[in-house]
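Colleague: Sequence:
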Amino acid sequence: TLAAGVAHEINNPIGGMQNAVNRLLQAADLDERQRVYLELLRDGLARVASTTRRMLEFAPKDANPRPFDAAAAIQGAFALVEHRCAQERVSFKLEVEDGVPEVYGDAHEIQQVVLNLLLNSLDAIDGRGGSVTASLRSQGSAVCLEVADDGPGMPTELQPRIFDPFFTQKARPDASGLGMFISYSIVQNHGGSMRVESAPGEGFRTFVELPVAAP
Numbered sequence: 003t004l005a006a007g008v009a010h011e012i013n014n015p016i017g018g019m020q021n022a023v024n025r026l027l028q029a030a031d032l033d034e035r036q037r038v039y040l041e042l043l044r045d046g047l048a049r050v051a052s053t054t055r056r057m058l059e060f061a062p063k064d065a066n067p068r069p070f071d072a073a074a075a076i077q078g079a080f081a082l083v084e085h086r087c088a089q090e091r092v093s094f095k096l097e098v099e100d101g102v103p104e105v106y107g108d109a110h111e112i113q114q115v116v117l118n119l120l121l122n123s124l125d126a127i128d129g130r131g132g133s134v135t136a137s138l139r140s141q142g143s144a145v146c147l148e149v150a151d152d153g154p155g156m157p158t159e160l161q162p163r164i165f166d167p168f169f170t171q172k173a174r175p176d177a178s179g180l181g182m183f184i185s186y187s188i189v190q191n192h193g194g195s196m197r198v199e200s201a202p203g204e205g206f207r208t209f210v211e212l213p214v215a216a217p
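When the sequence shown is numbered by the numbering used here, its final residue is 217 and no position is left out of the sequence of numbers.
Everything labelled a hint here was simulated from the structure, so no lab data went into it. The C-beta atom is built at its ideal place from N, Cα and C for all residues, glycine as well. Warning: the hint list may mix true and false statements.
Said to hold, decoys possible - Across the chosen pairs, the derived CB separations fall in these ranges:
#1 Gln77 with Pro217: 21 to 31 Å
#2 Ala29 with Gly131: 39 to 49 Å
#3 Gln190 with Leu32: 51 to 61 Å
#4 Glu90 with Gln36: 27 to 37 Å
#5 Gly193 with Asn24: 42 to 52 Å
#6 Glu199 with Gly101: 21 to 31 Å
#7 Pro202 with Pro167: 16 to 26 Å
#8 Ser187 with Thr53: 21 to 31 Å
#9 Gln190 with Leu43: 39 to 49 Å
#10 Pro217 with Pro154: 36 to 46 Å
#11 Glu199 with Gln77: 18 to 28 Å
#12 Leu121 with Glu99: 19 to 29 Å
Could you build the full structure based on these sequences and the hints that come with them?
Modeller: Here's what the structure looks like:
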């Protein structure tokens, strides 16, 4: 609700500023430096507008369980961290096995789960550069969604606590330790399962199994 409200509040003035910049760019007497600065401003405003649109798309709606393409949910989550990946030199790859069926549930909630996993990977890699891979494959009556990174990994003794509320290894004041707990709850509510594999120096892998949509 907060994200949607902020996005709406930002969109209105951004639209006005974009119109003003476009009008200024039409002036015939601009020197080269003025034109470059205005074009930089226009590009920056376009990026802000794009971010707020994505926030509105991602803002939770009323639960609407139905068959959906899990690959689209992954791509929607990646769109929200694409700029950060580029800044921090983290490559992202999506691998989808041929013939993966749709899953049943709420696409926005599963997108929230994937977004949390991507953010966790980026936080673990911590600007050092690396890679994150998301994959989808059929697994009996379920679809397995895997998110893996090549970050520093996690000690084995801490892994049983990964889904506990308020458990976090992040020192930032905004780290609530609720991301994995909420993600686990969402997956369970979908009739699925979630587990992790990791070891120090060997990256981190999360496996999410979701039920296949009935034909």
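Colleague: Check each numbered hint against the structure and report the violated ones by number, ascending.
Modeller: Violated hints: none at all, because every hint is consistent with the structure.
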